[in-house]
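Peer 1: One letter stands for each residue in the lines below.
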Amino acid sequence: MAAPLTLVLIVAVTIRAVLFSSSLAEPLMERVEVVSPLNAWKRVVEGLALLDLGASPYSGDVFHETPLIIYLFHFVIDYADIVFMIADGITAVALYLAVQDYNKTVFRKQKYALEADRYPHDCLELIRTPKEMYYIPLKVALFYLLNPFTIFSCVAKSTCGLNNAVIALFILSTIKGSAFLSAVFLALATYQSIYPLTLFAPALLFLLQRLYIPVNFYRPSFWLFTLQYAVMYLGSLCVIVCLSFFLLSSWDFIPSVYGFILSVPDLTPNIGLFWYFFAEMFEHFRFFFICVFQINVFFYTIPLSIKLKEHPVFLIFMQIAIISIFKSYPTVGDISLYMAFLPVWSHLYRFLRNIFLVSCVMLACSALFPVLWHLWIYAGSANSNFYYAITLLFNVGQILLVSDYFYAFLRREHHLTHGLYLKRKDGSEATLVLK
Amino acid sequence: MGLLSDPNRRRALTNLLTRLNTPLCIVCYLAGVAWFMGLAFEPFTLRTYMSENAMGSTMVEERFLAGERALVTAREFAAQKKKMGGMPVDWLVKAMQARGLEVFTQSFSRTLPFPDENKERYMVHGTNVYGILRAPRAPRTEALVLSAPCTPGSSNNQAVGLLLGLAQYFRGQMYWAKDIIFLVNEHDLIGMQAWLEGYHHTNTTGMSWTPLEGRGGSIQAALSLELSSDIITSLDLVLEGLNGQLPNLDLANLFYAFCQKIGVLCTIQGKLQRNDWDSAAGYSQAVQTMLLMVLKQASGRPWGDHGLFLRYHIEAASIRGINSFRQYKTDLTTVGKLLEGMFRKLNNLLERLHQSYFFYLLPSLSRFVSIGYYMPAFGLLAAILLLRALDLWVQLGSPAPGTEDGLVDGEQPFGPGVLSVLTPLIISHLTGVALYTLPIMAQQTAVEHFPVSETEAVVLTAIAIYTAGLALPHNTHRVLSGEGTEEGWRVLKLIAIFYMAVLLGCTALINFSLGFILALTLVPVAAFITPHVPRVLSALVMVLLSPGSTLLFSIFVYQELQEAPITLLEGWNLFLSVISQGILDHNLYGSLVYPLISLLVYPCWLLLWNILFWK
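Taken in sequence, the protein lines are chains A and B.
Going by this note's numbering, the first residue of the first sequence is number 1, and it counts up by one from there.
Going by this note's numbering, the first residue of the second sequence is number 1001, and it counts up by one from there.
A hint or two may mislead.
Listed below are several chain B residues computed to face chain A (Cβ distance under 10 Å; list not exhaustive) [stated by the list, open to error]:
#	residue
1	1020
2	1359
3	1397
4	1498
5	1501
6	1503
7	1505
8	1509
Read the hints as simulated data drawn from the structure, not as lab findings.
From a predicted model like this one, the values you see are computed outputs, not experimental measurements.
Glycine included, every Cβ here is placed at the ideal spot set by N, Cα and C.
Construct the entire structure; sequences and hints are all you get.
Peer 2: Printed below as a string of structure tokens:
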């Protein structure tokens, strides 16, 4: 399996290298769909210039990346292209290994269940076969590396690629069962963009499951491990933040990075939901609605964790998708991360209901973004409403996609316990209705 | 969300849509065409009105009286032009200086990719002369432009004369709050392109020009004037710009309002408005006017010198004086008054024209159809594609649960399936790339080997590649060694249909007319084509409805609407020259129609062609 992965990596790197040297790289760096004020390369360069001049990189409200990123690029600025390509490669390999491991676990569990004769007899066609699962890790890597969204994001040198790499490493270390590394990478991801904070719950659930500790609030072992993981997480977060402080010897980065993410002062259009809404809003409602909008990202963690506590990896997928939909400065790079997981759920395909509609919407919107941007900004004939309409549609498409997968997952689980061909009490065929 | 989550209702809807698919498609198509034709019917249109407050409430009194003097200047200019055998730059500079303007010149040169046989030019050298009247009342941050092209021969001298006359008159007025730039450009659009690029410090087309030495503020609006006779009978307003972009409707409203006030006959597309909308003749006049506008807009070329301003976010229109055999005559003084009035209103602007519509069609000058009214016509056509795609999707999905083996069997055809879909996609796009690049690259070789001129070489190469693309399916088959499956063509068709829907949708947003005309011919093809229809007949229909034939038909319709019908041979010659113009427009001004057709629409059509010959 290593050979195809290497081939995919080589193809991906070639495409990126060609695009880096083409004339496409320059305009891509300006696209609002690909870069946001948080992760634009131009801003990183500006921050570096300020740093070199001995000023705080956060003076002047241009640079909003974390101190570690700026110090990383302080040393490798000349090899930035390569760094971004490596980051994408790391993400793909990490996801590949993680999914491979996860599939093994899934298969083992299925085998035990089959041996224990726990599945109803009519749902044998839902049983997953090794043949079908064999190519999934490769498909995941393929989906991530050759997704045009990832390629654009990488060629535009959006630091989103680095965040994705950190999250992918976090997923890998979680699935491999290393609590410490998982906590460290989670802390790093949180440090980068706050929102991965919500991944704490699924990671904890997964590690608990792996150690056969039941989620039971009356069991001391549960609390002990939770505490252990939380301490490791908070400790490493603390270390990273303090390290940043010592690097710059100022706390400037806290308001400039996290304040910037949470209070959304920059209303440059992007593919998210925030900009239009807050551009239109009266100032005195702003605080309230910012709270409402930001709670969106964090709130779904609770019901989803309760519903999916047996399936933490699916929960991770749901969380990443929710983050990329509801975060304050989303870019297409964020979307590409959760899209890479779609092959893992390919066995849910038969239960998906709106996949045709969703793929139509997503593809059409991706084509319409640049068109409406052109009409609005260059031709001056359309206006922001046109662009926001597409943004809205795109996000509705994403939400439909995620909820469709959620529904399909739950439905498969339901069938696995209740049988595939459901009968009503009177013996006629029954259908499941979501209400 | 009931519809999306309730499986029973979904199934009912899907069944309905698949069972009634063909009738629904036909109904949609007819409804789309009927809707479009109905747009010209007066009760369905809106009356134009001035949206911009700054131009509405203030009435101005026109005092320009120097029409006769402008005519004298025009004659002097004509004499100088004849003597110089081109643009009399020195004379113009002196004349403008004498009228108290700051005068600058800009020289430019451009070698065309191949000779332009319509205008007989290849290596173009020229000079633009422009004078700036500085605003006495404001800090010179904004400007207006009045331009008149200096064309070879005896045409357009009166426009330059009137421009100089207006310059002299405007100089004496105190109320100007914006700089007014008087521009005489040589070689029409090429000169205009050079001047605009110089003014905005951009170089998008690789032209060489000397930098401008003087500038006004940011240009708010521009009018281009074309007059070729001392007395005119009517004024024609030209709005269609590069890539089908239109200026804000308020500019047309302004023109119309002043024509009404001063009492000048005004036309659009050369068609006078009729008052009897309820008669057949009145409706047909409106339809003809609208169709002319649609055809001109779809061509994506600038139809007057104003066309290039629009790219820089400057509202601009051309005003063309027509001298026909009508009894009603207007002299230059009246035209001057009209321009004075328009400029004074534009001078009052506090911000760019943005209040009114940018997306509209005009069945007459006093009536307009806005985007909300005309988009459904396109939407109905696009709905056919979605209906068809849904049908295909259901067809593709239904046999899959039917097979008992499930996924294990489904995996096998997937491998070659991807290849058999990807190959036509790549080949047809490569053909498109060839169509885009080869005609200009290969002109030298073609000229050496065949007895044709360079222009003919380019056009004929394009047509040859276009035709050669039709041989594509046979080549694809050789690559695949006859692996096409029933499922394969369905997937390919689904992709092609979806591709077309997105492509036409995007096109229609930027240039409605182009999108609509393409949809009118391509959508039926996309809807009915399968490998099982009678092959020869369908191939004929497909060729007749291909993008190239659409262009040919459009030329005939255009000539018919212009009341200048042509024979088949003339039509063919015009077809050739239109192709060369399209390629030139792309190379000179950055018009997007040629790349759009060759790189995207034509490959998409080839995919459908491929489905027809699927084995």
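Peer 1: Against each hint, give a clear statement of whether it holds in the structure.
Peer 2: Results for each hint:
This hint is violated: residue 1020 of chain B has a C-beta 18 Å from the nearest C-beta of chain A, more than the 10 Å allowed. The criterion of a C-beta within 10 Å of any C-beta in chain A is met by residue 1359 of chain B, whose closest approach is roughly 6 Å, and the hint holds. Because the smallest distance between the Cβ of residue 1397 of chain B and any Cβ of chain A comes to about 8 Å, under 10 Å, the interface hint for this residue holds. Because the smallest distance between the Cβ of residue 1498 of chain B and any Cβ of chain A comes to about 7 Å, under 10 Å, the interface hint for this residue holds.
For residue 1501 of chain B, the suggested interface contact is upheld, since its CB lies about 8 Å from the closest CB of chain A, less than 10 Å. The criterion of a C-beta within 10 Å of any C-beta in chain A is met by residue 1503 of chain B, whose closest approach is roughly 8 Å, and the hint holds. With 10 Å as the threshold, the beta carbon of residue 1505 of chain B comes within range of chain A, its nearest partner Cβ sitting at about 7 Å, so the hint holds. Interface hint status for residue 1509 of chain B: upheld, as the beta-carbon distance to the closest one in chain A is roughly 6 Å, under 10 Å.
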